[in-house]
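K.L.:
Chain residues, written in single-letter form:
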Amino acid sequence: AQKVTQAQTEISVVEKEDVTLDCVYETRDTTYYLFWYKQPPSGELVFLIRRNSFDEQNEISGRYSWNFQKSTSSFNFTITASQVVDSAVYFCALSEAPYNQGGKLIFGQGTELSVKP
Amino acid sequence: DAGVTQSPTHLIKTRGQQVTLRCSPKSGHDTVSWYQQALGQGPQFIFQYYEEEERQRGNFPDRFSGHQFPNYSSELNVNALLLGDSALYLCASSLYWGNTDTQYFGPGTRLTVL
Numbered sequence: 001a002q003k004v005t006q007a008q009t010e011i012s013v014v015e016k017e018d019v020t021l022d023c024v025y026e027t028r029d030t031t032y033y034l035f036w037y038k039q040p041p042s043g044e045l046v047f048l049i050r051r052n053s054f055d056e057q058n059e060i061s062g063r064y065s066w067n068f069q070k071s072t073s074s075f076n077f078t079i080t081a082s083q084v085v086d087s088a089v090y091f092c093a094l095s096e097a098p099y100n101q102g103g104k105l106i107f108g109q110g111t112e113l114s115v116k117p
Numbered sequence: 001d002a003g004v005t006q007s008p009t010h011l012i013k014t015r016g017q018q019v020t021l022r023c024s025p026k027s028g029h030d031t032v033s034w035y036q037q038a039l040g041q042g043p044q045f046i047f048q049y050y051e052e053e054e055r056q057r058g059n060f061p062d063r064f065s066g067h068q069f070p071n072y073s074s075e076l077n078v079n080a081l082l083l084g085d086s087a088l089y090l091c092a093s094s095l096y097w098g099n100t101d102t103q104y105f106g107p108g109t110r111l112t113v114l
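These protein sequence lines are chains A and B, in that order.
Those letters in the first sequence? Residues 1 to 117, per this note's numbering, in order.
Those letters in the second sequence? Residues 1 to 114, per this note's numbering, in order.
Extracted from the complex, chain A is given alone in its bound form (with noise of 0.2 Å):
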């Protein structure tokens, strides 16, 4: 069965600190799409960015920048220099197939993150 495990549930910072966003997945296919949304107080799913599993390489953009590694399946997102705008609740996913056609998102439990001034 596929699954995605955030294990930080809550993650406090001081403004300016890198904080990095954990995420453990499960699947059996060999192909697959992962997700991070960001879900801020007004409830709102922003999408954050995507990767395809036969696509290691990690980049960054802007503050945001991930580190995936099939090897440990894991999918894990870095801010740099945090900012209060940053805090809500981060969620990452793992698409199921069918892919390109809007497979269902399995999300894990999130990580609230907090970003004090």
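Source of the hints: derived by calculation from the structure; they are not laboratory data.
A quick note: this is a predicted structure, and the numbers were derived from the prediction, not measured.
Watch out, some of these pointers could steer you wrong.
Chain B regions said to be covered by chain A (calculated; three or more residues, Cβ under 8 Å) [what the hints assert, rightly or not]: (1) 43 to 52; (2) 102 to 112.
Between beta-carbon pairs, the in silico distance windows are [what the hints assert, rightly or not]: (3) B:N59 <-> A:V85: 33 to 41 Å; (4) B:W97 <-> A:Q83: 31 to 39 Å; (5) B:P70 <-> A:E15: 45 to 53 Å; (6) B:W97 <-> A:N58: 26 to 34 Å; (7) A:E15 <-> B:L39: 34 to 42 Å.
By construction, the Cβ of each residue, glycine as well, lies at the ideal position given by its N, Cα and C atoms.
Knowing the structure of chain A, use the given hints to seat chain B on it.
P.N.:
Chain B only, in chain A's frame:
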């Protein structure tokens, strides 16, 4: 570019009642998925609609049903409401045959069942 919209924002019902939630997909999208998010939990997939048909379904009882209209908008219906149906209901849209399966979410409808 209009994003995903949902209505109403909040809803209060009593046990046994029926409720209808509405969703309009992002401009250019043709697929709508519904998720239920209980307090403190990650969203759980309910079902997905494309071409006015239910294409995938999660582990939810038949009390949960849906519909998609020719303009791609969608409704989620829940019958015989239970206290446990209290949650944030999220709608997500995507493009069925697109190059990406990224789903974009609306602001949600918060349902409270008393």
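K.L.:
Against each hint, give a clear statement of whether it holds in the structure.
P.N.:
Going down the list of hints, with the structure as the test:
Figure legend: the segment 43 to 52 of chain B, annotated as covered by chain A; annotation consistent (5 residues with Cβ-Cβ distances under 8 Å, at least 3 required). Counting residues of the segment 102 to 112 of chain B whose CB lies closer than 8 Å to any CB of chain A gives 8, so the stated coverage by that chain holds, three being the minimum. The beta-carbon spacing between N59 of chain B and V85 of chain A, approximately 36 Å, falls within the hinted interval of 33 to 41 Å. Range check, W97 of chain B to Q83 of chain A: about 38 Å between beta-carbon atoms, so the 31 to 39 Å window is met.
At roughly 49 Å, the beta carbons of P70 of chain B and E15 of chain A sit within the given window of 45 to 53 Å. Taken as a hint, the range 26 to 34 Å holds for the pair W97 of chain B and N58 of chain A, whose Cβ atoms sit roughly 29 Å apart. The given range of 34 to 42 Å is broken by E15 of chain A and L39 of chain B, whose C-beta atoms sit roughly 28 Å from each other.
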